[in-house]
Amino acid sequence: MVLPTSVPSCGHKFCFICLKGVNMANLGGCPICRGPIDASIFKKPSQNLDLKMTMPNSPVSSARVVPVADEDVEDVKPDVSTLNGTTSNGTVKKNFWLYEGRNSGWWRFDPRIEKDIEEAFVNQMPLAEVIVCGLPYIIDFSQMKQYPKNDRNTCRAIRRVDSSEFDTLNVKGLAGVLAK
Amino acid sequence: MASSLPRRILKETQRLAADPVPGISANADESNARYFHVMIAGPEDSPFAGGVFKLELFLPEEYPMAAPKVRFMTKIYHPNIDKLGRICLDILKDKWSPALQIRTVLLSIQALLSAPNPEDPLATDVAEQWKANEAEAIKTAKQWTLAYARKSLKKALLHQHCLVLAPTKIIET
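Taken in sequence, the protein lines are chains F and Z.
Heads up: the first sequence at position 37 corresponds to 37 in full-length UniProt numbering, and the numbers run straight through without jumps.
Heads up: the second sequence at position 39 corresponds to 39 in full-length UniProt numbering, and the numbers run straight through without jumps.
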């Protein structure tokens, strides 16, 4: 789970942006028990968090996973970790994706969305489409901007930075959650 | 445009193939990963036993924040399924929750075949018949199953669709 967030009334826990998406879509309460969701938890949320956290492990599934059927055309995808560059001591150099805050500073994308953006970027796609809080957003690499798919006018600047550049910026938090 | 398939849809698709629900098959379309070809075997305890029903399931862009769209393609005599194959099921409408999945939706539809609910009808004529003379309605439902749903079974077998039928009683064709 990324930024685990509990529904105050029932205690069921979800990723922050998943729960926010549920609330925005008016889906009638908690996804597990349909209990009420107090919307105040989405106003200026803050958590103790590691701003440079890596991808969390997927929830453990008891199901066996078989690879998706072979495709006719060999899908050549560069290995993101190698393209990210490897430093002399062999550790992988990670890139972070940030979006501009409304007033100031930067937010880091949810690590799972960041991974999709990075994959599209290293594959030299002109755009990436990602789902944030249940809504589709376009990541435009030529302009380094993001905007909701159905509203091009509310765009924000985005940046791709390495760890040292990350440290020079005012990164306020992750996916709209302030770092305490 | 890089419109990658959300990881959740990918995972659900993989699990449906690796760990199928007995009596249900769901295969993503080759050209559209959000469109599924579904087959549901009529439950043994229902007038739909012996039939295989073809459905289409589509995951809208908002999925899982919006319910899948599901429709029967095979004609069926059922008070909660209308002539166009539309299904009256609360979880497909206002009771949708993103904690539900393709798998649970199809299980609910399979359960709806076992438990027709004429009090909450979609096909009003069928529901009225069901309430007025249940034995007659069940007879009609069996006839329709024989007339329309056996064909899809033959077709399914012909195409060796990976349909997992309930272990007992493979239907004699």
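Do not take every clue at face value.
Some chain Z residues near chain F, calculated using beta-carbon distances under 7 Å [to be verified]:
1. PRO6
2. MET65
3. PRO68
4. SER97
Which chain F residues stay away from chain Z? Per the calculated CB distances, all over 12 Å, these [stated by the list, open to error]:
5. GLY11
6. HIS12
7. ASP116
8. LYS145
9. VAL161
10. ASN170
None of these hints come from the bench; they were simulated from the model.
Beta carbons: idealized from backbone N, C-alpha and C, even for Gly.
Here is how each hint holds up against the structure:
no., hint, result
1, PRO6, "holds (6 Å)"
2, MET65, "holds (3 Å)"
3, PRO68, "violated (14 Å)"
4, SER97, "holds (5 Å)"
5, GLY11, "holds (15 Å)"
6, HIS12, "violated (9 Å)"
7, ASP116, "violated (6 Å)"
8, LYS145, "holds (16 Å)"
9, VAL161, "holds (21 Å)"
10, ASN170, "holds (30 Å)"
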